[in-house]
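Could you slot chain B onto chain A? The hints should help.
From first to last, the protein sequence lines stand for chains A and B.
The opening position of the first sequence corresponds to residue -3 in our numbering, with each subsequent residue numbered one higher.
The opening position of the second sequence corresponds to residue 105 in our numbering, with each subsequent residue numbered one higher.
If you're looking for bench data, these hints aren't it; they were derived computationally from the structure.
Beta carbons are placed, not taken as given, at the ideal position from N, Cα and C, and that holds for glycine.
Any given hint could be a false lead.
Claimed, not checked - Which bits of chain A does chain B cover? Going by a derived footprint, with three or more residues having C-beta under 8 Å, they are:
1) 274 to 280
2) 356 to 365
Unchecked claim - Which stretches of chain B does chain A cover? Using the computed rule of at least three CB atoms under 8 Å from a CB of chain A, they are:
3) 159 to 170
4) 206 to 218
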Amino acid sequence: MFDIIIRSVTQRKVRSGLTISGIALGIFALVVMGGMSENFNQTFENSMSLTSDKIRVFAESGMFGGGLTDDKVPDVKRVPGVKDAYGILLTTFDEDQMGMSGKQIFALPPEKSRIALKPVKLKAGRFLEPGDTYQVLVGTSIAGEYDLQIGSKLEIHDKNFTTVGILEYTGSFFDSTAAIPLETAQDIYDLEHSLSTIFAIPEEGIDADILAKRIELSVDGTSTLSPSELREQASQSLLIFSVITISSALLAAIIGGLSVMNTMLMSVTERTREFGILRAMGAETKDILLITLGEAALLGIIGGLAGIGTGSAAVYLLNLWLSGKGIILFAITPRLLVVALLFATVIGMLSGLYPAYRATKMSPMEALRYG
Amino acid sequence: MGDIILDVRDVSKTYMQGKIPVTALHDVTFSVEKGEFVAIMGPSGSGKSTLMGIVGCLEKPTAGAVIIDGVEVTSVSDRQLPRIRREKLGFVFQHYNLLNSLTALGNVDLAMRFSHVSRRERLERAETLLKKLGLGDRLNHRPTELSGGEQQRVSIARAMANWPAIILADEPTGEVDSKTRDAIVETFKLLRSRGQTIIVVTHDPDVAKNCDRVLRIVDGTIMDE
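So here's chain A without its partners, still in its complex pose (with noise of 0.2 Å):
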């Protein structure tokens, strides 16, 4: 029965190819779209296993409030259960972009860089140290971007900084940091004793979760967030994200399998003789079903396989030319893959069920009477 069904996908070459195209193109969305909700997913999985270890201490205002200062350190760090504690400074890198790049400032005292940005390992260079004060630490990102090397100038608030150590790729928003001394940052950006957070470590073995608890009520005027609540929260986000970006490619899948619901009733309109003729050699019900549903299904298959074959390619082209400006915004992965072609088949399956249905219920008398 297959050759069957090639064969009246191949005999209607324009018109298979126009709705193949169209399922392509949605299914092209799909995966450019996808592998962006992807990449965002992976950044934020990194992001989470890099800094899973660590509680965050806020102003009880919250992070943007202000209120959270220098001498909050010590009272967190006094807090049993807390093996060490340190406050960054968190800033957008682009300013001029309103922090659209991604790229972002992380201000830390010079002597905790190497735990703050553990296990992140080096490519060149080496991590801030004590008495640095116009030195910086970048991430692959914006290395590329810049194009730095160890010695490099970049400028940050108009003040020049040297590269003084580059991080390996992580995959995570250490990629797009630029990380400077905690002091120099308060000093440049005129924010003495201030800082967004404090970074908390929890002794070896003590729940992280207690711990947040216990930090919230014995530091007055934090609140704090420990790694499972920071991973529900960016969850939440990251969901509203992928939920826009996937249904907006879903609306385009979902046109493409529009049209081939209008070529299945085409061909089955334009083959009603042909089904007359098979049903009166006996052809069963699930025979013809099995031809329209079938070719409904092929159709699907290709155009999503051509639109996993552009779409991949689209995207492989488009992160070849952004890591050059040091951005990585797309990620294809195998799930994102199996889910675009099934979706692909299953749309075309759906869309053939209708001119299936047509085509089982016509009288086999009447179709060999038509046209």
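Relative to chain A, chain B alone:
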């Protein structure tokens, strides 16, 4: 009297044309013996094609019974009808109704697709049939590359493919010239001589005169034999 292969008893068929009932067949009764070559003749609109449709299990009568090779086909479920069409009947149509995308061999092969015959056997059988009908050098030609007479012989081979109890031919010579018509009639006679039962609906007296028996149908009723 030989074995009865087709028994049509008091078959009536009424269609609704809007709200008006139209009687296409009225109490039609006749039987056909195994190996007979029977013609059904009658003017346009007399009910010939409706009768063929009912005998061919392509539609159901409003009343009456049709028994083919001992099976009362009018009382079996719709699900069983495809099997009866496969096993008991072979169709030859006026417009040949071959699939243009398939070769002569492929068209005959197609008829056996639904009967769970192995691919090898299907091709062997199709080739043998086509050769017997004088199309040995036309096996891989598509319908558009064949003459009308050749196309009709392919469709006869297709009707023969499942060794049916009855071949039903609806105006098989309606589209061909007299020479081709004679060739088709000769083919039917050849099949009849081998014991095949054939029922032909025709307008053409030259076809009918070659048959063992002629049933005349007028206004949905068999008038004489």
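Do the hints match the structure? See the list:
no. : hint       : result
1   : 274 to 280 : holds (count 7)
2   : 356 to 365 : holds (count 4)
3   : 159 to 170 : holds (count 3)
4   : 206 to 218 : holds (count 5)
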